[in-house]
Structure formats: structure tokens, C-alpha cells
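K.L.:
So the chains spell out like this:
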Amino acid sequence: MDSDRAYRSGRVPLPGPGDSWQADPPGPAAPVRGQGIRHVRRMSNWTAAALIVGTGAATVALAHQALPAATSAAGTGAATGAGGAATGGAGTAAGATGPQATHSVATTSGSGVTTTTTTHTVNGKTVVTHVRHAPAYHDN
Amino acid sequence: MVMAMTMMTTTSMSELAGVTPWRRIAAGDDALAIAERDALGTSARVAVWPPADLGRACAAVDRVLDALDRQASRFRADSEITWLNHGGGGLFMLSDGLTEAVGVALAAARWTGGWVDPTVGDALISLGYDRDFAAIDQQRGEPPGVPVPAPGWDRVELHGPMLRLPPGVRLDLGATAKGVGSDRAAWAARSACGPPGGVLVSLGGDIAVAGTSPRDGWPVTVADGPDPARSAAPQLVRLPSGAVATSSVTCRQWRRGGQSLHHIVDPRTGLPAAGPWQTVSAAAATCADANAATTAAIVAGPRAEDWLATTGLPARLVARDGEVRYLGGWPAAADGATLPVPPGTHVYGGVRRPGGGR
Chain D
1 MDSDRAYRSG
11 RVPLPGPGDS
21 WQADPPGPAA
31 PVRGQGIRHV
41 RRMSNWTAAA
51 LIVGTGAATV
61 ALAHQALPAA
71 TSAAGTGAAT
81 GAGGAATGGA
91 GTAAGATGPQ
101 ATHSVATTSG
111 SGVTTTTTTH
121 TVNGKTVVTH
131 VRHAPAYHDN
Chain W
1001 MVMAMTMMTT
1011 TSMSELAGVT
1021 PWRRIAAGDD
1031 ALAIAERDAL
1041 GTSARVAVWP
1051 PADLGRACAA
1061 VDRVLDALDR
1071 QASRFRADSE
1081 ITWLNHGGGG
1091 LFMLSDGLTE
1101 AVGVALAAAR
1111 WTGGWVDPTV
1121 GDALISLGYD
1131 RDFAAIDQQR
1141 GEPPGVPVPA
1151 PGWDRVELHG
1161 PMLRLPPGVR
1171 LDLGATAKGV
1181 GSDRAAWAAR
1191 SACGPPGGVL
1201 VSLGGDIAVA
1211 GTSPRDGWPV
1221 TVADGPDPAR
1231 SAAPQLVRLP
1241 SGAVATSSVT
1251 CRQWRRGGQS
1261 LHHIVDPRTG
1271 LPAAGPWQTV
1281 SAAAATCADA
1291 NAATTAAIVA
1301 GPRAEDWLAT
1311 TGLPARLVAR
1321 DGEVRYLGGW
1331 PAAADGATLP
1341 VPPGTHVYGG
1351 VRRPGGGR
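Chains D and W are the protein sequences, given in the same order. If you're matching positions, the first sequence starts at 1 in the working numbering and goes up one per residue. If you're matching positions, the second sequence starts at 1001 in the working numbering and goes up one per residue.
Take these hints with a grain of salt, some might be off.
[As the list claims (entries may be wrong)] Partial chain W-side listing against chain D, Cβ under 7 Å, derived:
1. G1028
2. A1031
3. A1035
4. R1045
5. W1049
6. A1052
7. T1082
8. W1083
9. L1091
10. S1213
11. T1246
12. T1250
[Said to hold, decoys possible] Heads up, incomplete: computed chain D residues facing chain W, CB under 10 Å, no partners named:
13. S44
14. N45
15. G56
16. T97
17. G98
18. A101
19. S104
20. V105
21. A106
22. T108
23. G110
The hints are simulated quantities; they were obtained by calculation from the structure and are not laboratory data. Everything numeric in this text was worked out from a predicted model, so none of it was measured. Virtual Cβ for every residue (Gly too), placed ideally from N, Cα, C.
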């Protein structure tokens, strides 16, 4: 048979008319055989769908763990204007639930404050000495 | 100008380990608590809500900063990067923490086309930045060394924890490590405190936030230097998420042989960057991204605006003549406006969430 020759030659035949991928013409044995094939095809479809959904869920879960900042920022992008929901873990969300903060809490700047710290013991107590240098441009 | 203060304290493990204690800072808002201490040759600040979380947050930040210092400080004789830099090149197996920090530095170099380059170690040493910045002023009379262009970040290979460093190449992670530290510290502090709440961590002005921010975002002042009163055109903005960082040539200056130098080195020349910008600030999803972008912009000079536009990051550039430019949706002039922090990251995205002990 052609299909036998194809297998022996290393080729895998594609399904075509007359193959079992098509429903058989009606006949004495056709109903039972056709139901079995349809059942297998339905199961295959459900299996494929389950695999797709499962793979997608796993990808989303892994991406969420691997990209915390991106995830949190994505969550916040919408929240910037409208106050979105908090993202999971250490992500950040603009605060629909956060408190009101009216005073500046930090300064972003060039890092000019530097400190030298030395520690020694005097009369049984630890003395910590901090020598702080103001930014050099103050001197200039 | 040098200010010195001495504090008598009781002995504690943190002090014996050379860690300065946290000082409580008046927040001005009852709903927040703020503390600050010296760290990494600069200052660390933690702001949290609810205020009861402050102790846990500071403890978590301590663990992160201690680990980062042991991994990436060029000025510690016992740090891992000092071990690398004195190894004469070769193949090294890194700790998880330094693997991540070097990986971020190389990603930043790739992203910025080499304007940020971790192989500037010898360039900085030649200019005189060979010790903690606090000790540099004592050498003002000596002339700077011959400029040493960076060998090039693309000569460094990192495969997992294995680092291949060519002979004669010394690393400096200054353009990214503080940002990495802020990101790690903010995430670690947030994880330590649990919901609800939020935390802001600033390392020398490189700021990362995690958790839920105060309404409309964390209020942050943008300035040239740590003292906004002495800065040109300070601005108040609100940071709802992610991070904001600033690079400036007005800080960390020193003099050698009558020449004024600063710490942002152009890898191509081995000299301090001499472009038109004195201060650049940027907001990003991570502080490592923001820090890399602002350093790159200082080095890029006249090409900074075009490059920043391609990144989509909100940025604020202050020229040496005082002119201020706003890019990427950074709010112009208006005080108290919210920074539109974009999602996504270029340099710190593929890493797992750091814990406090890394």
C-alpha cells in the first residue's frame, strides 16, 4: 500500500480523503466506528484546549515572579491617573488606600553627602565618630 | 568644609560592625515615619507607612546594605569586587548578589551603548577616586594621573555566576549599584512589613518605592544636591511607583593639581564627563534603570535628549547655565505633580525578587 511505502521510506503520510481522519461513509459498521472517532476527536480537542490554558497560566505565573518591577509598574501605569488596585507582593500601587502625605519625604539629587565612621571604646562605652563632608561645591 | 559630630552610645552589634544607627526624622505627617543613617559613603533614608513598620523596614534595609557593601564596594579591602579587581583577570565564581549586580551593570552598558560602563575602575583610580570619597580631599595638591579610557564592558563575560575578567580590567559599579541597592532595599523592606503599607528607600538620592504609595504618590524633592536650599530650581514631584534617580556633576567633586574633577567619568576618554548637563533626573520602573539613564545622559552630553526620548522615560535635565528641560512627560515646573512612571525595565527586569540577605 502507498502508506506502507511512505512509512518505509521515512515519510509520514498526511491525512487525506479516505483516511480515518474523515468520517466513514454510512455502512453496517459505520455508526459505532464514527462515534468512536468523534469521541476521540472531542477528547483531543479538550486536551489541546486544556494544554493551551495551562501553558498560558504557567507563563503568566512565571512572568509575574520573574518581573516584579515590570509587573508592579504595569499595574501602576493605570493607577497613576485613577488610583488602581495594589499589585501583589512588593509591587507598588498609587494609593487609593494610602495616607495623605503633604511634606517631601526625600530628595533625589547627586549623592554629595559622605561620611566616615570610626568606632572605638572609651571607658567601656562605644564611641561612634562620624565625619561628614559637605558637597564640595559648597567650598568652591 | 567638614562637619564632625560625635555620639556616645551604648554598645550594640550594629555599631560594633561599623553600622551607624538610624536617626528618626520628623516626617511632618503623622501617617508616615522616616529614619536616616549613613551608608555606602552617603546617606540612606527610609520612609514608611504605617509608622509602626519603621523598625522592621530599617532592619531589612540594613541587611540589604550590608550585603551590597560586602559585594560591590570598591573601597572595602574585604569586599568581593576588591577580590575580583586584585585578581589580575581570569575566571571567577561570584555570589548571587554580585552576579546580579554585575549583570545589571553589563545590561546598563548594553542599553546605553557604553555611556555607562563598569570597566571604568582604572579611570576613576587614575583621577584620584581610589578610596572612600570622604578621604579624597586630603590629596588636593597632587596632579591627576594620565586618563585611562575604559577597556570596554563587552570584554567582560558573565555566564550565570561565572565571570571572566580580562587582565588589567577593574570594575566599578558606581553607576548602577546604588540603584540596585535601593530596589533591593525597598522590596526587602516591603516584604518584611507585609500589607497594608508602603515604603520608600533613598540611597544618596536614588529612590525606590514599593507597596502602596501615599495618595497621589510619595512627595519627593528634585534637586542638584542633598540640600535643596542650595540647589538650582528644586522641584517637588510625586512618585507613585518604581523609582527616581538623579546624577549630578555638582556633587562628589575634588581637586587635583588645581583641576576640578567629579565622579561621572566618560568611559571613552577616562576623564570626567564634560557635557552641557550638570544634573539629570529620571523616573523608571526600577532605580537601576533610572540610575543608569541619568548617568548615561550626563556622559552623552549633547546627545542625551535624543537618547532619553528613545527610552520613553520621564526626565529632567538642568544645563550648566541653569536652563531646565523636561522630557517624556516629566511635569514641567508645576510643583507636586505626579511622575508618569512607565512600565518595563531595561536593566533589572530578568532578576528574581531579592531578599534581605542577598
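K.L.:
Take the hints in turn and mark each one as holding or not.
P.N.:
Hint-by-hint comparison with the structure:
1. Against a cut-off of 7 Å between C-beta atoms, the interface hint on G1028 (chain W) holds, since the closest Cβ of chain D lies about 3 Å away.
2. Interface restraint check: A1031 (chain W) against chain D, minimum CB-CB distance 3 Å, threshold 7 Å, status holds.
3. At a threshold of 7 Å, the smallest CB-CB gap from A1035 (chain W) to chain D is about 11 Å, leaving the interface hint violated.
4. A cut of 7 Å between beta carbons decides the hint on R1045 (chain W): the least distance to chain D is about 5 Å, and the hint holds.
5. Below 7 Å, beta-carbon pairs count as interface contacts, and W1049 (chain W) has one with chain D at about 5 Å; its hint therefore holds.
6. Because the closest C-beta pair between A1052 (chain W) and chain D is about 13 Å apart, greater than 7 Å, the hint is violated.
7. Given the 7 Å rule on beta carbons, the hint for T1082 (chain W) is violated: about 18 Å separates it from the nearest Cβ of chain D.
8. Evaluation of the W1083 (chain W) hint against chain D yields a violated restraint, the C-beta minimum of about 23 Å exceeding 7 Å.
9. Interface restraint check: L1091 (chain W) against chain D, minimum CB-CB distance 27 Å, threshold 7 Å, status violated.
10. With 7 Å as the threshold, the beta carbon of S1213 (chain W) comes within range of chain D, its nearest partner Cβ sitting at about 5 Å, so the hint holds.
11. A cut of 7 Å between beta carbons decides the hint on T1246 (chain W): the least distance to chain D is about 4 Å, and the hint holds.
12. At about 5 Å, the closest approach between the beta carbon of T1250 (chain W) and any beta carbon in chain D falls short of 7 Å, and the interface hint on this residue holds.
13. Restraint check, S44 (chain D) versus chain W: the minimum CB separation of about 36 Å is more than 10 Å; hint violated.
14. Look at N45 (chain D): its Cβ only gets to about 36 Å from chain W, farther than 10 Å, so that hint breaks.
15. Given hint, G56 (chain D) at the interface with chain W, is violated; its Cβ is 20 Å from that chain's nearest Cβ, farther than 10 Å.
16. Taken as an interface hint, T97 (chain D) checks out: its beta carbon lies about 6 Å from the nearest beta carbon of chain W, inside 10 Å.
17. A distance limit of 10 Å between C-beta atoms decides the matter here; for G98 (chain D) the minimum to chain W is near 4 Å, and the interface restraint holds.
18. Annotation: interface hint on A101 (chain D) holds; nearest CB of chain W at approximately 4 Å, less than 10 Å.
19. With its C-beta approaching chain W no nearer than about 4 Å, S104 (chain D) sits inside the 10 Å limit, and its interface hint holds.
20. For V105 (chain D), the suggested interface contact is upheld, since its CB lies about 4 Å from the closest CB of chain W, less than 10 Å.
21. At about 4 Å, the closest approach between the beta carbon of A106 (chain D) and any beta carbon in chain W falls short of 10 Å, and the interface hint on this residue holds.
22. For T108 (chain D), the interface hint holds, since its Cβ comes within 10 Å of a Cβ in chain W; the closest pair sits about 4 Å apart.
23. Hint status for G110 (chain D) relative to chain W: holds, with the closest Cβ pair at about 3 Å, below 10 Å.
Of the numbered hints given earlier, the model fails hints 3, 6, 7, 8, 9, 13, 14 and 15; all others are met.
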